[in-house]
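All chains, full assembly: derive it from the sequences and hints.
In UniProt numbering, the protein residues as written are 1 to 139.
Treat the hints as calculated values from the structure; they're not laboratory data.
Glycine included, C-beta positions come from ideal geometry on N, C-alpha and C.
Take every hint as true, because none was put in to throw you off.
Label-pair ranges, simulated between beta-carbon atoms:
{"no.": "1", "residue 1": "H135", "residue 2": "P107", "range": "12 to 22 Å"}
{"no.": "2", "residue 1": "S125", "residue 2": "P90", "range": "25 to 35 Å"}
{"no.": "3", "residue 1": "A61", "residue 2": "R39", "range": "15 to 25 Å"}
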Amino acid sequence: MLPGLRRPLSRVAIVVDTSGSMGEAELNAALSEVTGVLREVGIRGNRVTVLACDADVHTVAGVTKAADVELKGGGGTDMRVGIEAALAAPDRPQVITVLTDGYTPWPDEMPSCRVIAGLIGGAPSAPPAWIEAVHITRQ
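As structure tokens, this is what we get:
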């Protein structure tokens, strides 16, 4: 295989907002995004870790399919704890994706890796400018 035909695979942490404001439709949209990330990054090995988070991190698991994701929570919202937990992992990610309705406090400073916010729903509040924001419409 020619070197130009290979691409390095990133290690990705996905923080899924499981707070009380995330309804069934929002959680299903988040799981669809997990499937999309798995397709892009590949399902081999331990490239994708999913953290279920409301105001605390409830589950952390390496996944190879969205069906492996265990969504626990239902309390308040603070995605900062999910981002911090992802950064503290032994296999530190190159990219952190936060799937949320946006009703959360965000870190004050940019972490040492790329952060993407997948904003699910109608009119979420905007994250800080250093976070790449993508709006996800529910289907």
